[in-house]
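K.L.:
Each chain, letter by letter, is given below.
2 protein chains.
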Amino acid sequence: MIRIALDCFGGDHSPEANIDGALLALEKLPDLALILTGDEKLISEKLAGREYDKARVEIADAPEVIGCDETPTMAIKQKKDSSLMRAVELARNDDTVDGIVTVGSTGALIAAATLRIGRIRGVKRPAFCPILPTMKGGIVGVCDSGANVDISLEMLTQFARMGSLYIETVYGIERPRVALLNIGVEETKGDELRKSAYPALSAMEGLNFVGNMEARELLSGDYDLVVTDGFAGNVLIKSTEGACLEMLKKLKRDIYSRTINKIGAFLMRRMFAEEKAFMDYRNYGGSVLLGCKKTVVKGHGSSNDAAVAKCIEQAYLMRKGNLTERIGEAVERAEE
Amino acid sequence: MIRIALDCFGGDHSPEANIDGALLALEKLPDLALILTGDEKLISEKLAGREYDKARVEIADAPEVIGCDETPTMAIKQKKDSSLMRAVELARNDDTVDGIVTVGSTGALIAAATLRIGRIRGVKRPAFCPILPTMKGGIVGVCDSGANVDISLEMLTQFARMGSLYIETVYGIERPRVALLNIGVEETKGDELRKSAYPALSAMEGLNFVGNMEARELLSGDYDLVVTDGFAGNVLIKSTEGACLEMLKKLKRDIYSRTINKIGAFLMRRMFAEEKAFMDYRNYGGSVLLGCKKTVVKGHGSSNDAAVAKCIEQAYLMRKGNLTERIGEAVERAEE
Numbered sequence: 027m028i029r030i031a032l033d034c035f036g037g038d039h040s041p042e043a044n045i046d047g048a049l050l051a052l053e054k055l056p057d058l059a060l061i062l063t064g065d066e067k068l069i070s071e072k073l074a075g076r077e078y079d080k081a082r083v084e085i086a087d088a089p090e091v092i093g094c095d096e097t098p099t100m101a102i103k104q105k106k107d108s109s110l111m112r113a114v115e116l117a118r119n120d121d122t123v124d125g126i127v128t129v130g131s132t133g134a135l136i137a138a139a140t141l142r143i144g145r146i147r148g149v150k151r152p153a154f155c156p157i158l159p160t161m162k163g164g165i166v167g168v169c170d171s172g173a174n175v176d177i178s179l180e181m182l183t184q185f186a187r188m189g190s191l192y193i194e195t196v197y198g199i200e201r202p203r204v205a206l207l208n209i210g211v212e213e214t215k216g217d218e219l220r221k222s223a224y225p226a227l228s229a230m231e232g233l234n235f236v237g238n239m240e241a242r243e244l245l246s247g248d249y250d251l252v253v254t255d256g257f258a259g260n261v262l263i264k265s266t267e268g269a270c271l272e273m274l275k276k277l278k279r280d281i282y283s284r285t286i287n288k289i290g291a292f293l294m295r296r297m298f299a300e301e302k303a304f305m306d307y308r309n310y311g312g313s314v315l316l317g318c319k320k321t322v323v324k325g326h327g328s329s330n331d332a333a334v335a336k337c338i339e340q341a342y343l344m345r346k347g348n349l350t351e352r353i354g355e356a357v358e359r360a361e362e
Numbered sequence: 027m028i029r030i031a032l033d034c035f036g037g038d039h040s041p042e043a044n045i046d047g048a049l050l051a052l053e054k055l056p057d058l059a060l061i062l063t064g065d066e067k068l069i070s071e072k073l074a075g076r077e078y079d080k081a082r083v084e085i086a087d088a089p090e091v092i093g094c095d096e097t098p099t100m101a102i103k104q105k106k107d108s109s110l111m112r113a114v115e116l117a118r119n120d121d122t123v124d125g126i127v128t129v130g131s132t133g134a135l136i137a138a139a140t141l142r143i144g145r146i147r148g149v150k151r152p153a154f155c156p157i158l159p160t161m162k163g164g165i166v167g168v169c170d171s172g173a174n175v176d177i178s179l180e181m182l183t184q185f186a187r188m189g190s191l192y193i194e195t196v197y198g199i200e201r202p203r204v205a206l207l208n209i210g211v212e213e214t215k216g217d218e219l220r221k222s223a224y225p226a227l228s229a230m231e232g233l234n235f236v237g238n239m240e241a242r243e244l245l246s247g248d249y250d251l252v253v254t255d256g257f258a259g260n261v262l263i264k265s266t267e268g269a270c271l272e273m274l275k276k277l278k279r280d281i282y283s284r285t286i287n288k289i290g291a292f293l294m295r296r297m298f299a300e301e302k303a304f305m306d307y308r309n310y311g312g313s314v315l316l317g318c319k320k321t322v323v324k325g326h327g328s329s330n331d332a333a334v335a336k337c338i339e340q341a342y343l344m345r346k347g348n349l350t351e352r353i354g355e356a357v358e359r360a361e362e
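These protein sequences, in sequence, are chains A and B.
Under my numbering, the letters of the first sequence match residues 27 to 362, in that order.
Under my numbering, the letters of the second sequence match residues 27 to 362, in that order.
If you are wondering where the hints come from, they were derived from the structure by calculation, not from laboratory data.
It is possible that part of the hints are untrue.
[As the list claims (entries may be wrong)] Dumping the calculated DSBU-like pairs for lysine-lysine here, alpha-carbon to alpha-carbon at most 30 Å:
1) LYS221(B) / LYS150(A)
2) LYS302(A) / LYS162(B)
3) LYS106(B) / LYS288(A)
4) LYS80(A) / LYS346(A)
5) LYS106(A) / LYS80(A)
6) LYS276(B) / LYS288(A)
7) LYS278(B) / LYS288(A)
8) LYS106(B) / LYS275(A)
9) LYS72(B) / LYS105(B)
10) LYS276(A) / LYS162(A)
11) LYS106(A) / LYS319(B)
12) LYS319(B) / LYS106(B)
Keep in mind it's a predicted model, so treat the numbers as computed, not measured.
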């Protein structure tokens with residue numbers, strides 16, 4: 027049985043979406059057990075009358091919630107009774123708890139996971155790795171995408187190692203094609219960090235490093251993992267999402283500006299619905315925080331039930347594939 | 027009369043697009059004179075039989091061309107007879123030449139402009155500032171977008187000053203809204219550079235600093251200039267362009283996959299043509315290299331005649347608005 031602690035509060039649609047997502051995941055994965063953290067009374071009320079395997083669900087009472095506007099360090103110090111901190115403490119103290127899933131505050135999660143769950147031995151810094159859909163129907167991960175903004179070469183090579191193992195484990199891609207985000211494809215391009223990273227990544231055993239990638243190629247489908255510092259990674263992810271969403275918004279506005287467009291769009295309504303679903307990051311699961319002793323998945327704050335279920339499944343697959351152990355071994359081998 | 031040296035070679039459609047663009051610009055701007063650099067025989071042939079004000083056109087013979095694959099420093103050393111270097115040397119040596127326009131190699135241009143034309147007194151580094159269209163029908167500049175990857179706080183504040191003056195001078199926007207690219211809107215977000223930049227930009231006299239901007243807001247129309255280092259700026263620009271182009275490509279593929287979509291798209295053909303034009307960076311002019319003693323504009327390698335004309339007009343407006351002098355004064359005042 028794989029046991030995951032699910033933070034039932036903190037997202038835009040919590041606790042309903044979180045609890046519905048939990049039941050969806052339980053139905054899909056017969057060897058999954060969940061510990062729902064949050065206001066016990068409220069969770070019990072929401073579960074009342076629902077059909078699910080009660081033997082696989084526990085509730086851990088934690089009536090407080092960490093807001094997205096709170097300072098992470100203050101939140102984890104002062105809100106020990108919050109749904110997020112309860113999940114984190116379960117992962118820290120209970121050996122049978124394999125990981126946590128939350129759609130709440132990112133900052134608080136990074137601080138809590140790093141300080142309380144702790145890093146895998148040898149890992150310098152946990153790193154965030156979200157997944158985006160590519161135009162060829164596949165996926166691409168970006169590691170790091172915001173957890174670490176001032177980084178060293180060693181951290182960057184670890185991001186490559188951890189991200190590659192993650193893509194392999196959860197998405198079943200053998201020898202993921204790993205690229206270094208840079209401002210040109212030539213080996214000599216970039217700042218000091220990138221110039222030293224190119225030969226370092228090339229020399230890494232067992233890593234399928236395919237060279238530099240320019241930002242415009244992110245969605246091309248030619249790469250499985252993009253490695254970068256958290257600042258550039260965050261810019262890469264957010265500008266890509268932003269541009270796609272702004273374009274869809276513009277299309278919508280332009281469609282409504284002329285009757286002929288409305289007729290055309292009506293005929294194409296199935297296609298447009300598919301484009302919208304394709305663009306919806308909720309369909310691709312959450313960002314995982316790689317390098318912690320337990321599996322950590324952070325879903326988007328606007329996650330609906332299906333998105334929460336997807337995040338739980340990610341955490342489940344990471345545990346199932348022994349990702350934490352594999353990262354530990356790889357980091358240890360690299361140190362030798 | 028404003029005199030601009032136009033590099034007639036180097037782009038994908040040169041010399042035809044460059045020469046046609048030159049004639050378009052001459053027609054639009056009666057007090058513009060151009061020096062066309064490149065193979066004199068070829069240029070003369072292309073001009074033969076065309077109608078234009080011959081008093082405002084000179085040719086400076088330079089038979090060589092710098093390829094995009096050549097090392098910038100080698101190219102500027104060894105190809106003194108190239109169309110680009112001839113334009114640069116004219117700007118360097120002839121006081122009556124106000125600036126240069128090229129659609130050739132970016133690397134060679136940056137190296138040549140910095141080393142041969144030189145920086146405005148007090149400017150630490152010239153910076154690239156391209157322009158993107160926003161979803162509200164306006165524009166937004168990004169400075170720096172790739173000329174400087176390892177930067178200091180002083181460089182960043184100069185990018186803000188130069189970019190703001192540029193947006194004001196060429197686009198007529200009073201008190202441009204200047205934002206700092208960051209991974210969150212709070213003042214405390216980001217790496218060491220960003221944390222020190224926030225208060226520094228806030229304190230700058232005459233600068234309308236409006237705070238941090240996340241990458242997803244680039245096209246929102248809420249900002250006139252985004253200030254950042256060349257690495258993140260390059261990622262921001264290229265991922266935004268890449269995402270928009272990939273989405274248009276995907277739409278096109280999806281339209282052709284079903285007959286009903288083809289009918290819908292036929293009805294919406296005017297709208298789709300407008301979207302395509304909206305996305306075409308050639309309609310927004312080139313990137314300007316701010317901080318050089320003379321006006322420097324770099325158009326996209328794929329520029330057509332209209333795009334080349336637009337670049338010439340940008341250089342013309344920069345000169346007309348005394349941008350170089352204004353930058354020099356602002357930098358001097360900041361040093362006092």
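K.L.:
Each hint: holds or not?
P.N.:
So, going through the hints one by one against the coordinates:
Our distance criterion of 30 Å between C-alpha atoms is met by LYS221(B) and LYS150(A), whose separation comes to about 23 Å. Proposed proximity of LYS302(A) and LYS162(B) is supported: the alpha carbons are some 21 Å apart, at most 30 Å. For the given pair, LYS106(B) sits about 57 Å from LYS288(A) by alpha-carbon distance, which is inconsistent with the 30 Å threshold. Annotation: proposed proximity of LYS80(A) to LYS346(A) holds, straight-line Cα distance about 22 Å (limit 30 Å).
At most 30 Å may separate the alpha-carbon atoms for a hinted pair to count; LYS106(A) and LYS80(A) meet this at roughly 27 Å. Only pairs whose Cα atoms come within 30 Å are accepted, and LYS276(B) paired with LYS288(A) is accepted, the gap being roughly 21 Å. Restraint check: the Cα-Cα separation between LYS278(B) and LYS288(A) comes to about 18 Å, which is no more than 30 Å; the hinted pair holds. Restraint check: the Cα-Cα separation between LYS106(B) and LYS275(A) comes to about 49 Å, which exceeds 30 Å; the hinted pair is violated.
Of the pairs offered as hints, the one joining LYS72(B) and LYS105(B) holds, with about 24 Å between alpha carbons and a cut-off of 30 Å not exceeded. A hinted pair counts as satisfied when its Cα atoms are at most 30 Å apart, and LYS276(A) with LYS162(A) qualifies at roughly 24 Å. A C-alpha spacing of about 60 Å is found between LYS106(A) and LYS319(B), which places the hinted pair above 30 Å, so the restraint is violated. For the proposed pair LYS319(B) and LYS106(B), the alpha carbon gap of about 20 Å is at most 30 Å, so the pair holds.
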